[in-house]
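Below, each chain spelled out in residue letters.
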Amino acid sequence: MTLPLYGTASLGAGFGSGKARSVIRLRAVERRADRHAADFALVKTPDQLDLARAANWHSIFVVSDGSIESVSTESFDRQIIVPPKYDYLGDGDVLGFDHSSRKFRTLFRRNSAHNSFLVTERCNNYCLMCSQPPKDVDDSWILSEIKESLALVDPATPALTFTGGETLSDWVEFIDVLKECRRQLPSTAVQVLTNGRAFANSRIVDAWRNIGHPNLMAAIPVYASTDSVHDYVVQAKGAFDETILGILKLKDRGQRVEIRVVLHAVTAPIIAETCRWIARNLPFVDHVALMGLENTGFAIANDALLWIDPLDYREALAEAVDHLVSAGVNVSVYNLPKCVLSRSVWPYALQSISDWKNGFVEECDRCDEKSSCSGFFTTGRPRFSRGVSAITS
Amino acid sequence: MARFLAPEAFSATTETLSLLPFNLERTGTNQYLVANLVGDFIRLTEDELNRLVDLQIQPGDGLYEKAYSAHLITGTNQNAQRQLLALRLRSRMSFLRQVTPLHIFVVTLRCEHSCPYCQVSRQSTDRSRFDMSEETAMRSLDIAFASPSSRIKIEFQGGEPLLNFPLIRTIVSNAKTRAISLGKKIDFVIASNLALLDDAVLEFCKLNDVLLSTSLDGPADLHNKNRPRPGGNSHELATRGIQRAKEVLGTDRVGALMTTTEASLDRVDDIIDEYLQMDLDGIFLRPLSPFGFAVKTKQFQKYDAKKWLGFYERGLRRVLEINRQGRPFREFYAALILTRMLSDRPIGYVDLRSPAGAGLGALVYNYDGNVFASDEGRMLAETGDNAFKLGHVDQDSYQSLILSDKLIGAISSSLTQCAPECSTCVFESHCGADPVYHHATQGDVLGIKPLSAFCARQKGIMGLLLDILENSLEDAAILRRWATP
Numbered sequence: 001m002t003l004p005l006y007g008t009a010s011l012g013a014g015f016g017s018g019k020a021r022s023v024i025r026l027r028a029v030e031r032r033a034d035r036h037a038a039d040f041a042l043v044k045t046p047d048q049l050d051l052a053r054a055a056n057w058h059s060i061f062v063v064s065d066g067s068i069e070s071v072s073t074e075s076f077d078r079q080i081i082v083p084p085k086y087d088y089l090g091d092g093d094v095l096g097f098d099h100s101s102r103k104f105r106t107l108f109r110r111n112s113a114h115n116s117f118l119v120t121e122r123c124n125n126y127c128l129m130c131s132q133p134p135k136d137v138d139d140s141w142i143l144s145e146i147k148e149s150l151a152l153v154d155p156a157t158p159a160l161t162f163t164g165g166e167t168l169s170d171w172v173e174f175i176d177v178l179k180e181c182r183r184q185l186p187s188t189a190v191q192v193l194t195n196g197r198a199f200a201n202s203r204i205v206d207a208w209r210n211i212g213h214p215n216l217m218a219a220i221p222v223y224a225s226t227d228s229v230h231d232y233v234v235q236a237k238g239a240f241d242e243t244i245l246g247i248l249k250l251k252d253r254g255q256r257v258e259i260r261v262v263l264h265a266v267t268a269p270i271i272a273e274t275c276r277w278i279a280r281n282l283p284f285v286d287h288v289a290l291m292g293l294e295n296t297g298f299a300i301a302n303d304a305l306l307w308i309d310p311l312d313y314r315e316a317l318a319e320a321v322d323h324l325v326s327a328g329v330n331v332s333v334y335n336l337p338k339c340v341l342s343r344s345v346w347p348y349a350l351q352s353i354s355d356w357k358n359g360f361v362e363e364c365d366r367c368d369e370k371s372s373c374s375g376f377f378t379t380g381r382p383r384f385s386r387g388v389s390a391i392t393s
Numbered sequence: 394m395a396r397f398l399a400p401e402a403f404s405a406t407t408e409t410l411s412l413l414p415f416n417l418e419r420t421g422t423n424q425y426l427v428a429n430l431v432g433d434f435i436r437l438t439e440d441e442l443n444r445l446v447d448l449q450i451q452p453g454d455g456l457y458e459k460a461y462s463a464h465l466i467t468g469t470n471q472n473a474q475r476q477l478l479a480l481r482l483r484s485r486m487s488f489l490r491q492v493t494p495l496h497i498f499v500v501t502l503r504c505e506h507s508c509p510y511c512q513v514s515r516q517s518t519d520r521s522r523f524d525m526s527e528e529t530a531m532r533s534l535d536i537a538f539a540s541p542s543s544r545i546k547i548e549f550q551g552g553e554p555l556l557n558f559p560l561i562r563t564i565v566s567n568a569k570t571r572a573i574s575l576g577k578k579i580d581f582v583i584a585s586n587l588a589l590l591d592d593a594v595l596e597f598c599k600l601n602d603v604l605l606s607t608s609l610d611g612p613a614d615l616h617n618k619n620r621p622r623p624g625g626n627s628h629e630l631a632t633r634g635i636q637r638a639k640e641v642l643g644t645d646r647v648g649a650l651m652t653t654t655e656a657s658l659d660r661v662d663d664i665i666d667e668y669l670q671m672d673l674d675g676i677f678l679r680p681l682s683p684f685g686f687a688v689k690t691k692q693f694q695k696y697d698a699k700k701w702l703g704f705y706e707r708g709l710r711r712v713l714e715i716n717r718q719g720r721p722f723r724e725f726y727a728a729l730i731l732t733r734m735l736s737d738r739p740i741g742y743v744d745l746r747s748p749a750g751a752g753l754g755a756l757v758y759n760y761d762g763n764v765f766a767s768d769e770g771r772m773l774a775e776t777g778d779n780a781f782k783l784g785h786v787d788q789d790s791y792q793s794l795i796l797s798d799k800l801i802g803a804i805s806s807s808l809t810q811c812a813p814e815c816s817t818c819v820f821e822s823h824c825g826a827d828p829v830y831h832h833a834t835q836g837d838v839l840g841i842k843p844l845s846a847f848c849a850r851q852k853g854i855m856g857l858l859l860d861i862l863e864n865s866l867e868d869a870a871i872l873r874r875w876a877t878p
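Order-wise, the sequence lines are chains A and B. Each residue of the first sequence is one higher than the last, beginning at 1 in our numbering. Each residue of the second sequence is one higher than the last, beginning at 394 in our numbering.
Chain A extracted, bound-state conformation:
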């Protein structure tokens, strides 16, 4: 099942003309305390509509197939109505809403462990398998939207991810966002997906360190132990040198770094060597994530170049994990179901796929390991290993 995180409202009224966009937060109708100007009562039934009115809500967000619209909603200052497929929305969720087009995006789901903010679609890499193909557009408005959102995010949220594009494209403004995270969400762990090249610039690393965030991790991809292979994968000459230098400068300043390796036909056959190299050269990184490919975005366009059955790199991956474990490096394997992994790798395989795009196949129903398995991506054009088969005792 894939949750629809984008959509168009069937109605958006009462927003005036001062601003093009609003960030709004959904609230359970019965909630009375701490109402914020951005709060909307979440209404899914006619009863809730009455309750909202009685509780003196001025703004309502209706999830409805049309039955509620027929009841009068006019007594509210601001109204948004979306189709029933957005029924997953709940109390504390935060959305971005474009007034004129009525388009909205779910920015934050309070009940999810996988909240991520897209910071920009711009990027100075152009990775062969990018799941979020970069666009050269001025989307700096997104950063203001994120700043607005942070005030509405539940401070009890355990973790947030910032992703892109390259998150450090507008690094000054983005560093400000991270400072806001520290100020408003001091107990929320923050992970930033970045290609790390910006950190080759000492000014940017210093600014990053000076945020003083207690739980901030830069997650940086390294695809090979050779410059030419890494540069080819990210389609940017000189990227490897900047990325490695960036990692060194971050660690030199005591910052937390995760290395991410996406596994596909260019990177998977050499994964043992890449991890041997990481174990030898960068054993001080905080975590290494070896990640199965999400077959979406550019990965579909480059399918002929990138597809490899995970079964065909099973042994190489087991050796890769062993190199890292032996060197005392914290390692995890993401996005790969247990049936295609060597048993020695199981202790490191995590249920890593975000809830909104995670699924299983029929075969999984009779598998003993399903409850502790990553399953599959449901996004893009999923491809399945010939090794997918139920594990039974």
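Careful: at least some of the hints might be erroneous.
Stated by the list, open to error - Heads up, incomplete: computed chain A residues facing chain B, CB under 10 Å, no partners named:
(1) Tyr126
(2) Leu248
(3) Thr274
(4) Ile308
(5) Leu311
Unchecked claim - Derived CB-CB ranges, DEER-like:
(6) B:Asn470 x A:Ala13: 53 to 61 Å
(7) A:Gly359 x B:Thr438: 25 to 33 Å
(8) A:Pro186 x B:Arg562: 47 to 55 Å
(9) B:Asp697 x A:Leu305: 21 to 29 Å
(10) B:Glu640 x A:Arg386: 31 to 39 Å
To be verified - Chain A regions said to be covered by chain B (calculated; three or more residues, Cβ under 8 Å):
(11) 162–173
(12) 320–332
By construction, these hints were calculated from the structure, which means they are not laboratory data. Even glycine gets a Cβ: it sits at the ideal position worked out from N, Cα and C.
Assemble the complex: chain A is given as a structure, and chain B must be docked to it using the hints.
Only chain B this time, still in chain A's reference frame:
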């Protein structure tokens, strides 16, 4: 998709590549072992080596990738390769930040054993002449605590140190007081044959967190042959002592060392079995040192490095077999070398480092107040060679001992980083200088390495470990675990 570029678009051209420093050794017809500045190894054919040196390589040819991953080349305008080498070298050498962490106190030269391989000329009589005095001990502590190291280890040696146990008590109690007032951490080790271990000693060790280190040469017949004492019961006393120590102090608070004699050479399996039976977590397969009494009795000449390596390899393979059968058990010397080969953690192991560990790693306070640069140095003095006698506790300070011409001369003349044979050796990163050994065997602290059994043993062991790492997947995984931090 036309917007994506082919791999060739990311190739470097020869003009933009530079070589980085590396060492090499021919290992067979057309085969070379190559090590980068920090000791990562790769193997190249002669043709590959020539192409590498001429920079006739490019991405996609396999050699480029091999050479780049191993830091043998860099893009001339790149920074990361050089930065990685620099920080790794800095990490490897940072053992130098802890200056003189080890202080060996020879509290007596007396011993109730009469081992023919003894590296010290033992004394059995005359308590007053061969025991360290309290005054000498206190002066020695002055010097030990003047070393800049934030954590020091005091090791009690002999003779049999338990023959002068009252002095050990005095030193430990005094050293603990000093450590508290100076804010230093302190560890204690007693190197003993355990024959005199009793409840009083054990209680003392428990109370003061004292580690015990003992000798166990193998099964009873071999051990007792190597280590004679009145009653011929050295093995019985040692094994009983180990058991008692494990019970009272904890399994990780007692260690055993073995020494290889000619009689041991065919019996490595028996020796290892003895360690397994004692439920020890590993064994340190040690060669005999050419010092002290061992020279006088010509023990060390009885077998050469090649024979010893054969013994070592059989032992190591047996240890690997034990691991494959599911019991974790290490060969500690291999573990040490592997840590050097597979990580950049600073290893200041006194006997295998450059600059040498003499003085910089350890000082030895002899029973009579003479101070030596190493344990082997005082053993030489027992046979009349004072080359490594740095001074005396009555006249010298830490400064004057460490800055003595004798010590500086020995260390600076033996640096592997610039010694002939060593500076170009493919194993240099993982090896060390042993000026005392080479002085003892060749009369020269630097030594002629092709004639050196020390060199032959190091190269032999490292070559063996590399061979297993490269050619045996399962054993390689076991060996890698030995280097896990």
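Each hint tested on the structure:
no., hint, result
1, Tyr126, "8 Å, holds"
2, Leu248, "6 Å, holds"
3, Thr274, "9 Å, holds"
4, Ile308, "16 Å, violated"
5, Leu311, "19 Å, violated"
6, B:Asn470 x A:Ala13: 53 to 61 Å, "59 Å, holds"
7, A:Gly359 x B:Thr438: 25 to 33 Å, "50 Å, violated"
8, A:Pro186 x B:Arg562: 47 to 55 Å, "53 Å, holds"
9, B:Asp697 x A:Leu305: 21 to 29 Å, "58 Å, violated"
10, B:Glu640 x A:Arg386: 31 to 39 Å, "56 Å, violated"
11, 162–173, "violated (count 0)"
12, 320–332, "holds (count 6)"
Of the numbered hints stated above, those contradicted by the structure are hints 4, 5, 7, 9, 10, 11, listed in ascending order.
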